[in-house]
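*Asks:* Please take these sequences and the hints and turn them into a complete structure.
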Amino acid sequence: MSLGKALLKMQKQLGLEETGELDAATLEAMRAPRCGVPDVGTFLTFEGDLKWDHMDLTYRVMNYSPDLDRAVIDDAFRRAFQVWSDVTPLTFTQIYSGEADIMIMFGTQEHGDGYPFDGKDGLLAHAFPPGKGIQGDAHFDDDEFWTLGTGLVVKTRHGNANGAECHFPFIFEGRSYSRCTTEGRKDGLPWCATTSNYDRDKKYGFCPSELLYTNGGNSDGAPCVFPFVFDGASYDTCTTDGRSDGYRWCATTSSFDQDKKYGFCPNRDTAVIGGNSQGDPCVFPFTFLGQSYSACTSQGRQDGKLWCATTSNYDTDKKWGFCPDRGYSIFLVAAHEFGHALGLDHSSVREALMYPMYSYIQDFQLHPDDIQGIQYLYGRGSGPKPTVPAPAPTEEPQPIPTEEPQPIPTEEPQPIPTEAGSTSTTEEEEETPEPTVGPIPVDPSRDACMEKNFDAITEINGELYFFKDGKYWTYSSFWKSGVQGAFSVADTWPGLPDTIDAVFQDLLTKRVFFFAGRQFWVFSGKSVLGPRGIEKLGIGKEAGRLSGALQRGRGKVLLFSGESYWRLDVKVQRVDKGYPRATDDVFTGIPLDARNVFLYQGEWNLAGGWCVFRPGLPEPLMALLRFLVQHARVCGEWPWDRTCHQPWWVPMVELAGCQQGAGCHVPVMLGQEPGWVLYGQTPADPPFPPYLSLPRQVSLLPGQLLLEDDTALPGGQGGLRQV
1 MSLGKALLKM
11 QKQLGLEETG
21 ELDAATLEAM
31 RAPRCGVPDV
41 GTFLTFEGDL
51 KWDHMDLTYR
61 VMNYSPDLDR
71 AVIDDAFRRA
81 FQVWSDVTPL
91 TFTQIYSGEA
101 DIMIMFGTQE
111 HGDGYPFDGK
121 DGLLAHAFPP
131 GKGIQGDAHF
141 DDDEFWTLGT
151 GLVVKTRHGN
161 ANGAECHFPF
171 IFEGRSYSRC
181 TTEGRKDGLP
191 WCATTSNYDR
201 DKKYGFCPSE
211 LLYTNGGNSD
221 GAPCVFPFVF
231 DGASYDTCTT
241 DGRSDGYRWC
251 ATTSSFDQDK
261 KYGFCPNRDT
271 AVIGGNSQGD
281 PCVFPFTFLG
291 QSYSACTSQG
301 RQDGKLWCAT
311 TSNYDTDKKW
321 GFCPDRGYSI
331 FLVAAHEFGH
341 ALGLDHSSVR
351 EALMYPMYSY
361 IQDFQLHPDD
371 IQGIQYLYGR
381 GSGPKPTVPA
391 PAPTEEPQPI
401 PTEEPQPIPT
411 EEPQPIPTEA
421 GSTSTTEEEE
431 ETPEPTVGPI
441 PVDPSRDACM
451 EKNFDAITEI
461 NGELYFFKDG
471 KYWTYSSFWK
481 SGVQGAFSVA
491 DTWPGLPDTI
501 DAVFQDLLTK
511 RVFFFAGRQF
521 WVFSGKSVLG
531 PRGIEKLGIG
541 KEAGRLSGAL
551 QRGRGKVLLF
561 SGESYWRLDV
571 KVQRVDKGYP
581 RATDDVFTGI
591 PLDARNVFLY
601 QGEWNLAGGW
611 CVFRPGLPEP
621 LMALLRFLVQ
631 HARVCGEWPW
641 DRTCHQPWWV
651 PMVELAGCQQ
661 GAGCHVPVML
671 GQEPGWVLYG
681 QTPADPPFPP
691 YLSLPRQVSL
701 LPGQLLLEDD
711 TALPGGQGGL
721 RQV
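Sequential numbering from 1 applies to the sequence shown in the working numbering.
No lab work stands behind these hints, which were simulated from the structure alone.
Keep in mind that this is a model prediction, so the values were computed, not measured.
Take the hints with a grain of salt, since some may be wrong.
Restricting the straight-line Cα-Cα distance to at most 20 Å, the calculated cross-link-like pairs of lysine to aspartate or glutamate (EDC-like) are [unchecked claim]:
| # | residue 1 | residue 2 |
| --- | --- | --- |
| 1 | K571 | E542 |
| 2 | K202 | E183 |
| 3 | K318 | E351 |
| 4 | K202 | D187 |
| 5 | K260 | D231 |
| 6 | K319 | D345 |
| 7 | K155 | E183 |
| 8 | K261 | D220 |
| 9 | K305 | D315 |
| 10 | K120 | D325 |
| 11 | K261 | D303 |
| 12 | K556 | D118 |
| 13 | K536 | D569 |
| 14 | K132 | D113 |
| 15 | K577 | E542 |
| 16 | K319 | D236 |
| 17 | K510 | D113 |
| 18 | K186 | E173 |
| 19 | K203 | D236 |
| 20 | K203 | D220 |
| 21 | K51 | D23 |
| 22 | K51 | D86 |
| 23 | K261 | D245 |
| 24 | K571 | E110 |
| 25 | K155 | E165 |
| 26 | K203 | E183 |
| 27 | K556 | D569 |
| 28 | K556 | D86 |
| 29 | K577 | D118 |
| 30 | K541 | D220 |
| 31 | K541 | D576 |
| 32 | K120 | D245 |
| 33 | K132 | D53 |
| 34 | K571 | D245 |
| 35 | K536 | D113 |
| 36 | K556 | D257 |
| 37 | K510 | E463 |
| 38 | K202 | D236 |
| 39 | K536 | D49 |
| 40 | K536 | D118 |
*Replies:* What follows is the structure in structure tokens.
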């Protein structure tokens, strides 16, 4: 944090004129007796002090985790927002339809935003800073076990306890129970006592069970019906068959094939975590190595973790999972993520809510560092505000997975054959759409061939893109219509600045990454994430502007800046350990002032001004000339002072393809790939004489290729030569 910015923050907090300078009034205030808490804490805001432009914010919960009752999650989110509204003028209202400022969802692994979760533990949740679209939204990893931080939370339904939570352990008929039980009932519904002693108090309720209700789906909460028929097979338990997201479901009539009615199964209190039966309940007693177990056990494990079987006999069925632990507090994690959604970045104060590492706090109070940060953005509040209960929704919010279960294919789907070097995936990936159909050039008279250099160059969906001053040109292929444009960057990718430093498209997900200064944006379909600071990727302040990117396959991308480069793991959005490294150590001989670095048709390109360097040359001259005769593309007559004075370079305009013609002069020789050139290289095949200097120009006439230079040929010939 700069001194000027720190002074501005302190002056704002003290009600002084915000000059950013250490003036007399500021010095006097600093010398006055005061509280020991520093005026400027270690909180951080997002670059540009991103914040909401209105105080009355809305939020919507798109789906719910099966770990907790919906009412428990709603209450946790309400209290998490209240953490921030109690110290600011902000208000938060839950809505049940339409677009809210803050959209909240649970998801697993790759869940549609370009920032996949990593399974249990590790990443718990993430949120985006304030803004439109996905900005401001909060996502929670549903592979975690969500509780209130102290273990299982079981909210009852029906019974006579008015929805109270289970009390564990409880006494029933003189026996102690630490889980819901079906003892004492003939209908198989699990229940619990809501006090420590049912025998004395007679207070009870029913525990979450698919026999009692379902979530979402299209059955209005109706319970499962067992057995049910799906795709011709009979099921007597909840299943994940027919789904790719791992959510457990059931039919709510005896035949899904006939009635298409279904719902999602709530997790029972004994639902396992991980193993090979995620979400299925423990079955007690179960048999393991010939012995019977009526509770979770650590037998058979060296790490001491408790587990159970999810069928009555592990020895025959091998179905199991870990028993629930204390879990993660949905309230504490939500309060932290909502801080991000309001504009706060991480704090370095370990006791602060915005500290990046999770820890459970029994009696939570917002730390002064968090308060200073949020009040820097929104000002002080007037204390806790009375809350008006939101109206109950007329329909239960539906979980993200809304498609009906699909029949299991009789044959295993085969991946579509892909060309060598490309990536195949068995799951459909959302592709970033190409620019809207028929983009209208904003300046057709502006010729890409006349630009001395470009801000950035990249390949997107097989087309070459050239960016310059808020405009871009496209080059489809050597067999299409050549260079098109100029088009407006703002029309195709709203929110980007005029000057782009580097661009690349992830080869697997087709998302497009834009870099400008020390910020980056990610476009996926019509959604945009950003701007975010490149320090989030692990690139330090030693990096200047990026000059380009080279995709390496397997989700790795090399990012270049000056004399250094970094290797980015696109999936986890972090630079690999051991970087940055010196560019010259790997790419020997490449000028360090290369302005653009990009991948095109599987070849690496490093460009400086008019010139492009391609590793892998030289090639036999005959092959180069043959390619030129067959595929030459020219830009008309070019002044010879636009040449490259290093071997294996080619004018940039030739890579762009430009306009094809005959009878024009081409100051370049092209190789087996568009844009290759060879200088001063002896040919490998006769009858072409050796070139000991650069041809002054190359002329392509109908049926003729003329090479003109100042080199004397054997026998005293020189000047113009015809091939």
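*Asks:* Would you mind marking each hint as holding or not holding in the structure?
*Replies:* Consistency of the hints with the structure:
{"no.": "1", "hint": "K571 x E542", "in the structure": "violated, 24 Å"}
{"no.": "2", "hint": "K202 x E183", "in the structure": "holds, 15 Å"}
{"no.": "3", "hint": "K318 x E351", "in the structure": "violated, 44 Å"}
{"no.": "4", "hint": "K202 x D187", "in the structure": "holds, 19 Å"}
{"no.": "5", "hint": "K260 x D231", "in the structure": "holds, 11 Å"}
{"no.": "6", "hint": "K319 x D345", "in the structure": "violated, 43 Å"}
{"no.": "7", "hint": "K155 x E183", "in the structure": "holds, 19 Å"}
{"no.": "8", "hint": "K261 x D220", "in the structure": "holds, 10 Å"}
{"no.": "9", "hint": "K305 x D315", "in the structure": "holds, 19 Å"}
{"no.": "10", "hint": "K120 x D325", "in the structure": "holds, 12 Å"}
{"no.": "11", "hint": "K261 x D303", "in the structure": "violated, 43 Å"}
{"no.": "12", "hint": "K556 x D118", "in the structure": "holds, 17 Å"}
{"no.": "13", "hint": "K536 x D569", "in the structure": "holds, 12 Å"}
{"no.": "14", "hint": "K132 x D113", "in the structure": "holds, 14 Å"}
{"no.": "15", "hint": "K577 x E542", "in the structure": "holds, 16 Å"}
{"no.": "16", "hint": "K319 x D236", "in the structure": "holds, 16 Å"}
{"no.": "17", "hint": "K510 x D113", "in the structure": "holds, 13 Å"}
{"no.": "18", "hint": "K186 x E173", "in the structure": "holds, 16 Å"}
{"no.": "19", "hint": "K203 x D236", "in the structure": "violated, 31 Å"}
{"no.": "20", "hint": "K203 x D220", "in the structure": "violated, 28 Å"}
{"no.": "21", "hint": "K51 x D23", "in the structure": "violated, 29 Å"}
{"no.": "22", "hint": "K51 x D86", "in the structure": "holds, 17 Å"}
{"no.": "23", "hint": "K261 x D245", "in the structure": "holds, 19 Å"}
{"no.": "24", "hint": "K571 x E110", "in the structure": "holds, 9 Å"}
{"no.": "25", "hint": "K155 x E165", "in the structure": "holds, 4 Å"}
{"no.": "26", "hint": "K203 x E183", "in the structure": "holds, 15 Å"}
{"no.": "27", "hint": "K556 x D569", "in the structure": "holds, 5 Å"}
{"no.": "28", "hint": "K556 x D86", "in the structure": "violated, 44 Å"}
{"no.": "29", "hint": "K577 x D118", "in the structure": "holds, 18 Å"}
{"no.": "30", "hint": "K541 x D220", "in the structure": "violated, 54 Å"}
{"no.": "31", "hint": "K541 x D576", "in the structure": "holds, 16 Å"}
{"no.": "32", "hint": "K120 x D245", "in the structure": "holds, 15 Å"}
{"no.": "33", "hint": "K132 x D53", "in the structure": "holds, 11 Å"}
{"no.": "34", "hint": "K571 x D245", "in the structure": "holds, 19 Å"}
{"no.": "35", "hint": "K536 x D113", "in the structure": "holds, 16 Å"}
{"no.": "36", "hint": "K556 x D257", "in the structure": "violated, 44 Å"}
{"no.": "37", "hint": "K510 x E463", "in the structure": "holds, 13 Å"}
{"no.": "38", "hint": "K202 x D236", "in the structure": "violated, 32 Å"}
{"no.": "39", "hint": "K536 x D49", "in the structure": "holds, 16 Å"}
{"no.": "40", "hint": "K536 x D118", "in the structure": "holds, 17 Å"}
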